[in-house]
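Enquirer: Below are the chains, spelled out letter by letter.
Protein chains: 2
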Amino acid sequence: MTQPALTVASLIRDEQLRLACSTWLPQGRYELMELGLRPDPAAELERCWEQFDAVLLEPGVLSIEAFQRLRAQGRILPAVVLGQLSGPMEFFQDEVHLPPDQMEQLSYSLDAAISRCLRRRSSAGAWEDLHDGESSSEVHDPSNWRLPLRLRERLGYLGVFYKRDSSRFLRNLPAAERKVLLRSLHRTYRDLLISYFRDPVAANKALESFVNTAFFSDLPITKTVEIHVDMIDDFWKKLQLEGHKQDFLKDYRLALLDVMAHLCEMYRRSLPPETSTSDGLVARVVTASQVQS
Amino acid sequence: MTQPALTVASLIRDEQLRLACSTWLPQGRYELMELGLRPDPAAELERCWEQFDAVLLEPGVLSIEAFQRLRAQGRILPAVVLGQLSGPMEFFQDEVHLPPDQMEQLSYSLDAAISRCLRRRSSAGAWEDLHDGESSSEVHDPSNWRLPLRLRERLGYLGVFYKRDSSRFLRNLPAAERKVLLRSLHRTYRDLLISYFRDPVAANKALESFVNTAFFSDLPITKTVEIHVDMIDDFWKKLQLEGHKQDFLKDYRLALLDVMAHLCEMYRRSLPPETSTSDGLVARVVTASQVQS
Numbered sequence: 006m007t008q009p010a011l012t013v014a015s016l017i018r019d020e021q022l023r024l025a026c027s028t029w030l031p032q033g034r035y036e037l038m039e040l041g042l043r044p045d046p047a048a049e050l051e052r053c054w055e056q057f058d059a060v061l062l063e064p065g066v067l068s069i070e071a072f073q074r075l076r077a078q079g080r081i082l083p084a085v086v087l088g089q090l091s092g093p094m095e096f097f098q099d100e101v102h103l104p105p106d107q108m109e110q111l112s113y114s115l116d117a118a119i120s121r122c123l124r125r126r127s128s129a130g131a132w133e134d135l136h137d138g139e140s141s142s143e144v145h146d147p148s149n150w151r152l153p154l155r156l157r158e159r160l161g162y163l164g165v166f167y168k169r170d171s172s173r174f175l176r177n178l179p180a181a182e183r184k185v186l187l188r189s190l191h192r193t194y195r196d197l198l199i200s201y202f203r204d205p206v207a208a209n210k211a212l213e214s215f216v217n218t219a220f221f222s223d224l225p226i227t228k229t230v231e232i233h234v235d236m237i238d239d240f241w242k243k244l245q246l247e248g249h250k251q252d253f254l255k256d257y258r259l260a261l262l263d264v265m266a267h268l269c270e271m272y273r274r275s276l277p278p279e280t281s282t283s284d285g286l287v288a289r290v291v292t293a294s295q296v297q298s
Numbered sequence: 006m007t008q009p010a011l012t013v014a015s016l017i018r019d020e021q022l023r024l025a026c027s028t029w030l031p032q033g034r035y036e037l038m039e040l041g042l043r044p045d046p047a048a049e050l051e052r053c054w055e056q057f058d059a060v061l062l063e064p065g066v067l068s069i070e071a072f073q074r075l076r077a078q079g080r081i082l083p084a085v086v087l088g089q090l091s092g093p094m095e096f097f098q099d100e101v102h103l104p105p106d107q108m109e110q111l112s113y114s115l116d117a118a119i120s121r122c123l124r125r126r127s128s129a130g131a132w133e134d135l136h137d138g139e140s141s142s143e144v145h146d147p148s149n150w151r152l153p154l155r156l157r158e159r160l161g162y163l164g165v166f167y168k169r170d171s172s173r174f175l176r177n178l179p180a181a182e183r184k185v186l187l188r189s190l191h192r193t194y195r196d197l198l199i200s201y202f203r204d205p206v207a208a209n210k211a212l213e214s215f216v217n218t219a220f221f222s223d224l225p226i227t228k229t230v231e232i233h234v235d236m237i238d239d240f241w242k243k244l245q246l247e248g249h250k251q252d253f254l255k256d257y258r259l260a261l262l263d264v265m266a267h268l269c270e271m272y273r274r275s276l277p278p279e280t281s282t283s284d285g286l287v288a289r290v291v292t293a294s295q296v297q298s
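Those protein sequence lines, which keep their order, are chains D and Y. When we follow the working numbering, the leftmost residue of the first sequence carries the number 6, and every step to the right adds one. When we follow the working numbering, the leftmost residue of the second sequence carries the number 6, and every step to the right adds one.
Here chain D stands alone, though its shape is the one from the complex (with noise of 0.2 Å):
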């Protein structure tokens, strides 16, 4: 029983990123429909809305008026914003960033979008119609509660918990694919301690972006720990062989600990919660409440 893969709206005109977005995501698990080159990109994505279960977007590709006109109705898809590391926009809620020099992260960006999303949606008081499939007063547009239906039938999402393919662990890459995962990583962990002290934004994404290939690749823990030993040697080294001080270079001790905090807690909400019975059984419960905490 071959499963259709997932429908993924691409909004990007540029060309390098439209290659890099083709060459990133496995095929049979996505599928790419691109709109970026369309004369009215925004009017072909409300017009396939339904068809759709994730967004790739490119800033600039759909304008202010799409985006207001699209969150009016209620229309909130997972998305990955693949452009450059600056300012605070957000198109849609809870969209997931990645710079264009680390698109080899792609998958695992959409897999974290798709994963917020279906929190955010169980969180707002979804989870009941998850399951018995009535309409939520709060939803505008039916057809958004499809995705989580769609994403738990075809990639087995238990309801909200991250469910992660281990056919993209980095143990279980290819050794050529993993040498060009880890260099990406590394090219992440750089933007995050560069912008970590000067610029609380680009740092937030960069180390979203770690954070999520991280879980999604599951990153052994003391591989974290050695991207950051390696990058700050390398800083140390430099520094003084042009005769800085390099004493400061502690406090991006900061930034590791940031890492691992987001980590943790990733991990620890995509456990799900067990309660115990009265007879003493442990029974697997899942609870809106147990979610959200």
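By construction, these hints were calculated from the structure, which means they are not laboratory data. Be aware that one or more of the hints could be misleading.
Simulated crosslink set (DSS-like; lysine-lysine; CA at most 27 Å straight-line) [unchecked claim]:
id	chain 1	residue 1	chain 2	residue 2
1	Y	Lys228	Y	Lys243
2	Y	Lys228	Y	Lys184
3	Y	Lys242	Y	Lys255
4	D	Lys255	D	Lys243
5	Y	Lys243	D	Lys255
6	Y	Lys255	D	Lys228
7	D	Lys255	D	Lys228
8	D	Lys250	Y	Lys255
9	D	Lys255	Y	Lys184
10	D	Lys228	D	Lys243
11	D	Lys255	D	Lys242
12	D	Lys184	Y	Lys243
13	Y	Lys243	Y	Lys184
14	D	Lys250	Y	Lys250
15	Y	Lys228	D	Lys228
16	Y	Lys242	Y	Lys228
17	Y	Lys255	Y	Lys228
18	Y	Lys184	Y	Lys242
19	D	Lys228	D	Lys242
20	D	Lys242	D	Lys184
21	Y	Lys255	D	Lys255
22	Y	Lys255	D	Lys242
23	D	Lys184	D	Lys228
24	D	Lys250	D	Lys184
25	D	Lys243	Y	Lys255
26	D	Lys255	Y	Lys250
27	Y	Lys255	Y	Lys243
Looking from chain D toward chain Y, a few residues come up when the C-beta cut is under 7 Å (computed) [unchecked claim]:
id	residue
28	Val185
29	Leu186
30	Ile226
31	Arg258
32	Leu262
33	Cys269
34	Glu270
35	Tyr272
36	Arg273
Just the calculated beta-carbon pair ranges, DEER-fashion [said to hold, decoys possible]:
id	chain 1	residue 1	chain 2	residue 2	range
37	D	Leu254	Y	Gln98	36 to 42 Å
38	Y	Lys184	D	Leu259	28 to 34 Å
39	D	Leu246	Y	Val206	36 to 42 Å
40	D	Arg74	Y	Arg176	39 to 45 Å
Note that beta-carbon positions come from the ideal geometry of N, C-alpha and C, so glycine has one too.
We have chain D already, so just place chain Y on it with the hints.
Expert: Chain Y only, in chain D's frame:
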């Protein structure tokens, strides 16, 4: 259908400790069998070995010879050692240590000991035995193999994966118990900081206690950071009042990093692995090799 509790052999002589054990082990889940005051606790332990699912141990109650005898028979149980946090002594494999002033965390430590024991068994190639009931040639005493099955039946352990009892999550405890547990966690964290740079063995044990309790009580990650910050603030003020330098306190971020890394790895390993089947659906498949990674 009422299930009997897990049976815990208590090899403790100290009266305060015995009292604390019966206070802090939740009834219904664990049944305590006190052997510590018997004339020959080791003989009693061996005689009734098959009844026990875990052991509480005060150093000195069993002789070195008794341990050697148990080890020679391949007899190993999940164990919590209740005593002073010093020296690298190991009684059972993978035992968990808890200092006497932190007995509030006893049930969490016991869960940690059980989980570890299950993991070790699994990584020793025991996974298949757990499922098809065949005994392995590596095992000297088949009575050992009852344990994982019993744990699975009674507490719902998913093979080797940590299964937490949400009734003991911090947020689900009555307010008074919550306060007691948090105070105890503060004491453990304090032990960690005090020993961090001067007594690695003691630091490791405190770190272990903290991480175990944080995991099994589902402590929010922000709370861990808060405990660290509170404690460092207190030290800072104290040193300032006494006219000492305080800058070295920043180095204690390494202790927090250590806690985060361990906790994160524990959460990471507690997620059951998933693998993709050829048609793109995600199936739940657990293999011994994945468990070890």
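Enquirer: Is the straight-line distance between the alpha-carbon of Lys243 (chain D) and that of Lys255 (chain Y) 27 Å or less?
Expert: Between Lys243 (chain D) and Lys255 (chain Y) the Cα gap is close to 23 Å, so the pair holds against 27 Å.
Enquirer: Quickly compare the C-alpha distance for Lys255 (chain Y) and Lys242 (chain D) to 27 Å and report which way the hint goes.
Expert: Given pair Lys255 (chain Y), Lys242 (chain D) holds - Cα atoms ~22 Å apart, limit 27 Å.
Enquirer: Close enough to count: is the Cβ of Leu186 (chain D) nearer than 7 Å to one in chain Y?
Expert: The hint is violated - Leu186 (chain D) has no Cβ within 7 Å of chain Y, the shortest such distance being about 16 Å.
Enquirer: For a C-alpha distance cap of 27 Å, please report whether Lys228 (chain Y) and Lys228 (chain D) respect it.
Expert: Holds, at about 25 Å.
Enquirer: Quickly compare the C-alpha distance for Lys184 (chain D) and Lys243 (chain Y) to 27 Å and report which way the hint goes.
Expert: Not OK: Lys184 (chain D) and Lys243 (chain Y) at ~49 Å, beyond 27 Å, violated.
Enquirer: Restraint: Tyr272 (chain D) near chain Y, CB-CB cut 7 Å. Satisfied or not?
Expert: holds (4 Å)
Enquirer: Under the criterion of a CB-CB separation shorter than 7 Å, is Arg273 (chain D) in contact with chain Y as hinted?
Expert: holds (5 Å)
Enquirer: Sort out whether Lys255 (chain Y) lies within 27 Å of Lys250 (chain D), counting only the CA atoms.
Expert: It holds: about 18 Å lies between the C-alpha atoms, which stays within 27 Å.
Enquirer: Assess, step by step, whether the Cα of Lys255 (chain D) is no farther than 27 Å from the Cα of Lys250 (chain Y), and give holds or violated.
Expert: holds (18 Å)
Enquirer: CA of Lys255 (chain D) to CA of Lys242 (chain D), is that 27 Å or under?
Expert: holds (14 Å)
Enquirer: Checking hints one by one. Is Cys269 (chain D) an interface residue toward chain Y, by the C-beta closer than 7 Å rule?
Expert: Where the cut-off is 7 Å and the nearest Cβ of chain Y is about 4 Å from Cys269 (chain D), the hint holds.
Enquirer: Decide if the proposed pair is consistent with the structure: Lys242 (chain Y) and Lys228 (chain Y), CA atoms, cutoff 27 Å inclusive.
Expert: Between Lys242 (chain Y) and Lys228 (chain Y) the Cα gap is close to 21 Å, so the pair holds against 27 Å.
Figure legend: structure checked against the earlier numbered hints; hints not met, in rising order: 9, 12, 24, 28, 29.
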